[in-house]
Amino acid sequence: MDTASQYWHLIRLTGAGDGHSHMVPQVKTWLQPWLADDIKDAETTLQQRLITIWQANHGQADLAQLSLRCFISHQIRDVCLQLAQRFGPTHGFSARDLFPLVLDDDGQLQPNHRPFTLEILDTYDPTQANLGAWARRLTQHHRDLNQALLEQGLYRASDWAILNDTSVKQLQRILQDYHHCSDHEISRASRLLQQYHQVYRRDRIRNRQGSANTRCQPPSREQLQRIEPAMAPRSLLHRLKTLASQLRAYRIHVRSGHPIPYSDAAVDWTQVADPRQSCPNDDDQAAFLAAYRQALEQDLDAAIADSITTAITQLRQRRPPKDDPYVEGLYLFHCQGMAMGQLAPRLGLSGQVQVNRLLQLKRLRAEVRHRLIPSLCQTVYQAAQPYVSAAQLQQLNQTLEQLLTQEVDQLLDEARSEAQIPKDRTAQSLFARRLCHVIHRFLSSPETALE
Amino acid sequence: MSRSSHTVTMMISMSTPVSPQDFDIAPWRPNTVTLPETAVQWALQTCQPIPDPAQQWQIFLQALALQGFQQWLAAGTLELPLSDAGQQQLEAGMTTYQVEGFRLCLVAQGSLSDDRVTLPAASLAATNAHAHFWVLLEVQEEVNQVTVLGSLRCDRITAAQPLRPNAEGSYTVPIAAFDTAPEELLLYLSCLDPAQLAAPSLVRPAAEDIHPGATDRPINVGRWLQDQLDAMAASLAWTLLPPLVPTTAGLRSPSETLTAMLEELEPTLPVPETAEGPTPDLQRFGLPFRLYALTWTLFESATPEWSLLLLLGPVDGRQLPAGIRLMLQDQHTILVDQTLSTDADATYLYGQVIGTWEEEFMATVQLPSGSTLTFPPFVFNPAP
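Residue numbers (my numbering), protein chains in the order written: chain A, 1 to 451; chain B, 1 to 384.
These are calculated hints, taken from the structure and not from any lab test.
For each residue, glycine too, the CB sits at the ideal point set by N, CA and C.
A couple of the hints might just be wrong.
[Stated by the list, open to error] To list a few chain A residues with every Cβ distance to chain B over 12 Å, as calculated: (1) Ala16; (2) Asp62; (3) Pro111; (4) Leu118; (5) Arg188; (6) Asp306; (7) Glu367; (8) Arg433; (9) Leu443.
[To be verified] These stretches of chain B come out as covered by chain A in the derived footprint (C-beta under 8 Å, 3 or more residues): (10) 50-58; (11) 182-190.
[What the hints assert, rightly or not] Coverage of chain A stretches by chain B, computed from C-beta distances (three or more under 8 Å per stretch; other residues unrestricted): (12) 92-101; (13) 332-343; (14) 347-359.
Use the sequences and the hints to build the structure in full.
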């Protein structure tokens, strides 16, 4: 669909929960004469004309408003689609799950309730942003939408949370270095943030006591008055939001650069050299590896069994108990090679994130490793001597990490595994092989055990 | 849907597509802990008594981080108990805890996600109280979530880049310096011996001397008694305090703060009303401290003597960092050597020396970072 027609097509929620484009004939007829004009930059002109008519609040204001609501509904749908596209597959939701939360405009010229599209339009200030950006921004801030995302393990900080957690010092640095603001702007903003902190933080700590609702609400009229009595609440709110969006821009910049301190990304094992070849002190490393392999199998079994036992004890205390799905999940993943996404329905969970949350595979591997190393160090005490400095412990850790992770990664990605098998095949499948050996004693359901 | 029969070829440039970066959404991570309501209420209780809102919020985040870290440790299958992490410790601004003989400093980052964080001065103390690991935690206060992001080993603190201490002895480090994954931290805690981590001699390469004035010319305190600043003190932009005034509530002038400190000292150290002295402006070196110098004469003994009293206190709203040290010496020996300890109730340091009119004294302030502040020698010569 061409973009101009967004002004007379409304995205409406269908009975099936889809967002469907729905032509509004009266708006189309009304707009028709303008579109015949051959106007350069027609798109901005069209939007501006509509806003002017709507704001003048006479004559055809209703039609102009409905046309703008049509345009806004497209922005809302785009945000839902993109959220679903980006996070849906891993977090277990689709755009259809989001539409009912935000698409509530039935296209009436004078709607009975205040649809979200109108809420966006009413709060829009043409001097501050363009309407499309404003609509997308408010959609991303939509309370129910954020709540639904949170339930899928996706959190979006509110403006107020960001302002709460920013010190004046940080603000000054960010405005100066990142936004290149003038000294005057910086001191004005610092003062504003300080006043906001004085009122909002204290109220927040007080209000949170005994209250279950945790999301930060926009400051109330009364709070705004206390923050800056000399300013109209509406413009003060606007200034605070602008400040928050400046901080958010910096936050996005930081997160896209190096979002978290260490990289959580999967290791490309083709790039990891064989430790016995890459290690500077080859002989030591080889001697150590030889010594620990002898002890490895029995110690590994014990470490896996201990870790699983402890996890089961903890999961049994959950309401409802989660120990059975846990063991079954480990079994299906490691021994059957089932993909994470497929596991969710089998375990009665809603999505892959929930499976990750339950199985905590990374932590399981880490903890097996941590149980393993002390016992191995003991068994092969002499050989381990050179490895116990902090730097070398890390190296040893990486060696073990590699050995233990290989099989798991292989199961995760069968297609890539062929190219990734390093030379050392004997140690490769050890973790999964021993886990599958050990886990049988924990399996409660006979049919799973038989599979 | 059917296309409009009217062909319109406008491009709506205003509706630029949403870039992926516009979604600054933090996905749940394997090391994210959701705090139960009891943990949150504990954090709220803990920060409640703190009057200063900026500090109160910081303690609130710290308390949440602490609860989150405890839950994270407990969620694993290894037994790694965190030492007593009580309310009082947090209220005192303490961020360092013991796990298996390791000292861990919890660094809480809020919703903002900065690219750098500040490590508290106490965690870098020169004594054997320094942290073995700094653990970076992201606290999403709104949704009661704490994520263990990574940690920084004490012997790796200068690996990324040489660091310079901040005025209060803290260090600001880039987030990228936190190069130890949470799982690796568990490895260290369960397998490494704390003694094997290099002490923070590496931590303080940036110690330096700050001279609030050239040291070759002395400061003549004798002139102070005549309500005059000697040329040296004046050249250092020291200002003579107005007469001591009674203290009032709220923000205090330097003179009022000094009076309050002297009132506290009164039983052990009487200061005559004739005492005079200036206060050097240390804030122009970026230090949030005030040094008060007071002098008076003593004629009780056969040879007339002079007394120099130095008080080192914070500027309003700040605290002296733990580990800060005040030293006074003559040509032969150190006469006063005081260090502010972490658990002290004191909020300032002081020292008094007495000597004949010919004697001179040197004063040095050492910051927790190891940097020193050396003043020109103090001499007493009342002659104009």
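- prompt: Any hints this thing doesn't respect? Which numbers, in order?
  reply: 6, 7, 12, 13
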